[in-house]
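**Student:** Here the sequence shown stands for residues 257 to 1322, where the numbers follow the numbering used here.
Bear in mind the hints are in silico, worked out from the structure with no lab data behind them.
There could be a bad hint or two in this list.
[Unchecked claim] With a straight-line Cα cutoff of 30 Å, these simulated DSS-like cross-link-like pairs (lysine-lysine) come out: (1) 1121 - 1080; (2) 1026 - 968; (3) 911 - 453; (4) 453 - 1026; (5) 911 - 1289; (6) 397 - 368; (7) 436 - 368; (8) 333 - 322; (9) 1079 - 1042; (10) 1289 - 1299; (11) 1289 - 968; (12) 1192 - 1178.
Being a predicted model, the structure only gives us computed values, none of them experimental.
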Amino acid sequence: MFRQLDAEATNVDFVNQLDENESFNIIQYLYYYNGGGVAVGDLNNDGLPDLYFTANQQPNKLYLNKGNLQFEDITTKAGVAGNGLWKTGVAMADVNGDGWLDIYVCQVGDYKSIKGRNELYINNKDLTFTESAAIYGLDFKGFSTQSAFFDYDADGDLDLYLLNHSVHAPENYGEASIRKRRDPLSGDRLYRNDRGKFTDVSEQAGIYGSRIGYGLGVAAADFNDDGCPDLYISNDFHENDYLYYNNCDGTFREAISASMGHTSTFSMGSDAADFNNDGRLDLLTLDMKPEDAFVLKSSVGADPYNIYRYKLSFGYYFQYPRNMLQMNLGQLQGREAQFAEIGQLAGVDATDWSWSALFCDLDGDGWKDIFIGNGIQRRPNDLDYLKFTGNTQVQKSGSDLDIAAKMPNGLVPNCAFRNRGDLTFEPVGTSWGLDLIGSTNGAAYADLDGDGDLDLVTNNLNAPAAVFENRSQELLKNNYLRIRLKGVDGNPFGIGARVVISSGGIRQTQEMQTTRGFQSSVEPVLTFGLGAATLVDELTIRWPDGHVQRLYAVQTNQTLELAYKKEEGKRLEKNTERPVFEEVTAESGLNFQHIENDFTDFDREPLIPHALSTQGPRLAEGDVNGDGLVDVFVCGPKGQAGAIFIQSGQAGNFKSLPQQALENDRLKEDTDAAFFDADSDGDLDLYVVSGGGEAVGESDELLDRLYLNDGKGNFSLSENALPLLYLNGSCVVPLDFNGDGALDLFVGSRAVTGSFGLSPASVLLQNDGKGTFSDRTAAIAPSLSKAGMVTDAALVNISGKPWLVVVGEWMPVTAFSITERWKKVETPDSGGWWNTVLAHDFNGDGDDELLLGNMGLNSDLRASKEEPVSLYVHDFDGNYFSDPILVYYKQNQLHSYATLDELSGSMPILRKKFTLYTNFAKSTFKELFEAGEVAKAQRLDVQTFASAYATSNGDGTFSLEALPAVAQVAPIFAFAALDTDGDGTDEVLATGNFYHVHPAPGRYDASWGHFLKKKANGGFEEIGFQKSGFASKGEGRGLAVIKTGNDKLLVISARNNLPVQVFKVQ
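Could you build all of it, start to finish, from the sequences and the hints given here?
**Tutor:** What follows is the structure, encoded as structure tokens:
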């Protein structure tokens, strides 16, 4: 679809060529290979966008667009070659508000032999320019990366955010409070435009300006939709990224931790745009995670867990080394937008050493695609290189160039991704002709030839710049609309305006901001792809001052010039629809704060993929005091007793009912609980499962408990009611498996503590009718005793007969027929990391369907029948301890997920075998060990990580259908079914997330809870929290739906290490 044009045809002969020598090189300056930028804009107002490239050491170049994709080098005549010794980013903006684009060039100044100041070229309106940075107060000297011109104070002219970087120094390492110390060379700046003179207002505006601001990306966008432009700052290395919300009063507040669950570690270029057409601006930040297995295994990756925790303790935020796609969910309460990071679900998380991120609709179908510029001249994060340079003798004797030569080549293809419109992207770099191999730093898009599609221009290090002609108009025949804005005096290009169009059933949103990607800026024209639509039904402009204009029935395939017009009384409408749920936690009286105890599972078992000790609290509900109202038990963590809350009154209020028996057992971790009548006296007793993954052996902390009810809600421990079973329990299901009228129990077990992957013992406990239980598993259902790493179970009606469905980690969906001697049936190819199962008759056919909570698809692990994710469990190194090794397919070969350092920490024999990381990187999993040792290992497989809706096949197997993509953004740990609108069809609530995992996969934190409605044509659709009102952030572990005395529905959501939430259905 794209054609790279020859320099001979375009006359664009720019090359950013470096002269790397002993006096200045990658060893002397860590950003030596960051390259230059490119800016695109119409400098002579002839309707054709021109090109300006920055070169680090060579002269910058300006090319005038002559039409037909031909350009003329007018650098010398224009007087814009630049005077500094190291140029970086560039932006075109109308700095003086005269209707002509000017050029601002960033530079590095006053570092070693490098001298220079930022330069501002004011347009003389005759294709010549006058350098005027000092006159305007913008001749900053320091570590500048890029500029973003925008009107932050809504006074009608353009202000400047100056993005600066830093270099390593001992004082850069320490607690995060360092960011409050201002630095004269590093640290960002905010300049207010005071009638043509720019004033540094950084400190008073709330902008950080310290040495640890390693700024590589800046995106200006109105993320919280309040009409004032916000800022996202991408910082390299250990410092947090900054998300500055505009207070609309000339100041900003930094609130990344209030909006995002985590960010990139080595944040580089970024872009903000509405990629999913929901009207909210999303964000893409780039990092350096390789897709190639060899490079991935031979390069520095995520921090070791102890270093990760150490950084957190110093006040830094959650950061992981991969691209992040932050999907904007909107605002719930307060002024901050809430984001769900879905880069791995979308398939854009690993693109190698990536610089420039651009959202742009390259095929004209109405959905924004992604272009990513990639590559580095040499890889300074290669593990063997770092090991080599760590040698003291090398440091003393090696020259800089000799040392740099040890870095491997890092030239890789650029990437392009086609937006599928379902939150995922298809890699199309090769098929679209954009997979240029090299080091592309700056990149920009523009319609260079006026045909309605977006062409691309890249600035490539040590290689010619590239111009890519987009031929989608010729090949796909999609329609388009281009919009030029004519704003107010001082901001004639309408920077900051938002345009929304509705066409062909798609609603698209764009904002006029030109600084995008890395060190680059795009033309100040908005291009909308329209697919087959021949008319824009409605076009709405929100100007920077808040005034709104609307047009209807706009013709396509044109460039529309729209001038500012004040239409009084019109603003963009806000949603005033009453949400389904209202949170009533504060007035409910259910004031349980779960407090997770401090325990690190990875200290005991470093190779397990995630912790097992943070999977509570679950809930149990039942009328414990016989007043006809449903009450609630909340499971407690180790060190905190579980609690019973009884309903009081008719409005759904609760009060705590203290229980000394529960308090006595507070050192046991509650992993599940159930109310049932154990002793046949007509009231509900309480069974509590003990587990949590901490206690080992025959510890009393592993013994489950049965508490008998006196009929008034007072519970006492029933001594000797249960056999002495030291299980790391996970779940309990009351059921009458022998038909004697007394409820028996199935108790599932989660894991063998200290031996992850081995199947623990799950049990059937038979009730004698008086509340005393015996273990009957071996006699009745021996196959159930080693069902697997059980997480949950449910009693299920299949064709009128009872079955027990058991799910777990590394398990298929497994059903046991209670009436057929516990016949075991596994659903083929259903192995997953199942967390929960809910049985419910959703379609009214009398049989139960299942909702199955899995890990979700927002992970770098991909599983299928053909290429499962597997766990090999064996004592590989002969030290009498089993080693659980997680393996997965990458590029059609089976690899260990753990790094060499992680594996050798548990199996030192591997360090002797692989003295070089390169050799390890070349080896597949089965080449790590002797073939005989691998053959001895127990293998567990996962074929799917998708949470699913399952329908019965009538024989104990189920047909699984993945839930919508938005419900796959994080693990699901709890479901609930309820009819909120009285239509007779139940909706679904789900909660999840999982924080206690290794830094390599990173926290699964993208879920705010899910409200799913059945669609008429099958499947589910999600209603976001802005419309539903159901927002349960955190690690959701339990859901309960209960009725109040006045027949209203309440939803209770239990979260790990957070307060329980209560919602009422309105």
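**Student:** Next step is simple, just say for each hint if it's right about the structure.
**Tutor:** Structure-based check of each hint:
About 21 Å separates the Cα atoms of residue 1121 and residue 1080, which keeps this hinted pair within 30 Å; it holds. Note on residue 1026 and residue 968: the hinted pairing holds, with a Cα-Cα distance of about 19 Å set against a maximum of 30 Å. Simply put, residue 911 and residue 453 have alpha-carbon atoms about 63 Å apart, too far for the 30 Å limit, and the pair is violated. With a C-alpha separation of about 87 Å, the suggested pairing of residue 453 with residue 1026 is violated against the 30 Å cut-off.
A hinted pair counts as satisfied when its Cα atoms are at most 30 Å apart, and residue 911 with residue 1289 qualifies at roughly 24 Å. The suggested pairing of residue 397 with residue 368 holds, with an alpha-carbon distance near 13 Å, which does not exceed 30 Å. Taking the CA atoms of residue 436 and residue 368, the gap is near 26 Å; set against the 30 Å cutoff, the hint holds. Distance check on the hinted pair: residue 333 and residue 322 sit about 16 Å apart at the alpha-carbon level, within 30 Å; holds.
Distance check on the hinted pair: residue 1079 and residue 1042 sit about 14 Å apart at the alpha-carbon level, within 30 Å; holds. Straight-line distance between C-alpha atoms of residue 1289 and residue 1299 comes to about 23 Å, which keeps the hinted pair within the 30 Å bound. A C-alpha spacing of about 35 Å is found between residue 1289 and residue 968, which places the hinted pair above 30 Å, so the restraint is violated. As the CA atoms of residue 1192 and residue 1178 are separated by approximately 23 Å, the hinted pair is consistent with the 30 Å bound.
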